[in-house]
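Residue 1 is where the sequence shown starts when you use our numbering, and the numbers rise one by one after that.
There's no promise every hint is true.
Restricting the straight-line Cα-Cα distance to at most 25 Å, the calculated cross-link-like pairs of lysine-lysine (DSS-like) are [unchecked claim]: (1) K169 / K157; (2) K118 / K157; (3) K127 / K47; (4) K82 / K127; (5) K47 / K8; (6) K161 / K151; (7) K151 / K165; (8) K99 / K118.
Hint data in this document are derived by calculation from the structure and do not stem from the laboratory. Note that the structure is a prediction, hence the values are computed from the model and not measured.
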Amino acid sequence: VARLNDSKLTPARKIQLAQFCNVPNWYGVELCRLALRDESLSFEEAKQVGLDTATLLASLRDFRTHLPDIAYMGSVDWRELKCEADARICQRVIEHLSKTDTPDKSSSAGSGALSVLKEWQTSFEDKVGYHRQQRLQCLEETSEASARLTKSQEALKESYKQLEKEFEKTRPQLSQMAG
């Protein structure tokens with residue numbers, strides 16, 4: 001199993017082996033890897049992992065597929081949303097593993113897999129906080145710049161009014177010079 005772990009097995013193949021050979025530590029981690037990657041599950045991979053797992057993966061990935069639309073509609077940073085979705089995916093995999101009888105649940109190696117998933121979730125949550133902080137800082141800087149711009153516009157208007165007054169004072173002199 002250690003040699004297989006280091007080999008070039010795909011996540012789908014590792015899930016298949018975890019299901020049929022009771023290989024702890026693979027199912028949850030590889031399930032999460034498939035759910036988090038950008039590419040959809042291929043037909044061949046769906047056959048390998050089975051209908052139940054393929055359906056679970058589709059459910060896990062569903063929210064992630066709508067992220068561009070959600071980010072476009074609001075003032076939410078795409079990176080913040082993606083990290084939030086990835087943290088939710090890790091959480092849902094952890095919940096799934098705790099509710100079902102999977103190889104990862106029943107062994108010390110399995111609890112190691114849950115620890116890995118919890119670390120991933122925490123990492124994504126930390127990234128959400130970071131991106132949220134960056135977005136809020138950007139909004140604050142934009143607000144400050146907008147306030148400075150408004151102040152500058154008001155100063156320009158005031159200067160323009162002063163110039164108009166000066167021009168009105170000198171108009172009679174200009175008319176005499178022109179006339």
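Hints, verified against the model:
1. K169 / K157: Within the cut-off at roughly 18 Å; holds.
2. K118 / K157: Since the Cα atoms of K118 and K157 sit roughly 58 Å apart, the hinted pair is violated (cutoff 25 Å).
3. K127 / K47: 34 Å, violated
4. K82 / K127: Given that 25 Å is the threshold and the Cα spacing comes to 10 Å, the pair holds.
5. K47 / K8: Since the Cα atoms of K47 and K8 sit roughly 19 Å apart, the hinted pair holds (cutoff 25 Å).
6. K161 / K151: Judged against 25 Å, a Cα distance of about 15 Å means the pair holds.
7. K151 / K165: 21 Å, holds
8. K99 / K118: This hinted pair holds, its Cα atoms lying about 16 Å apart.
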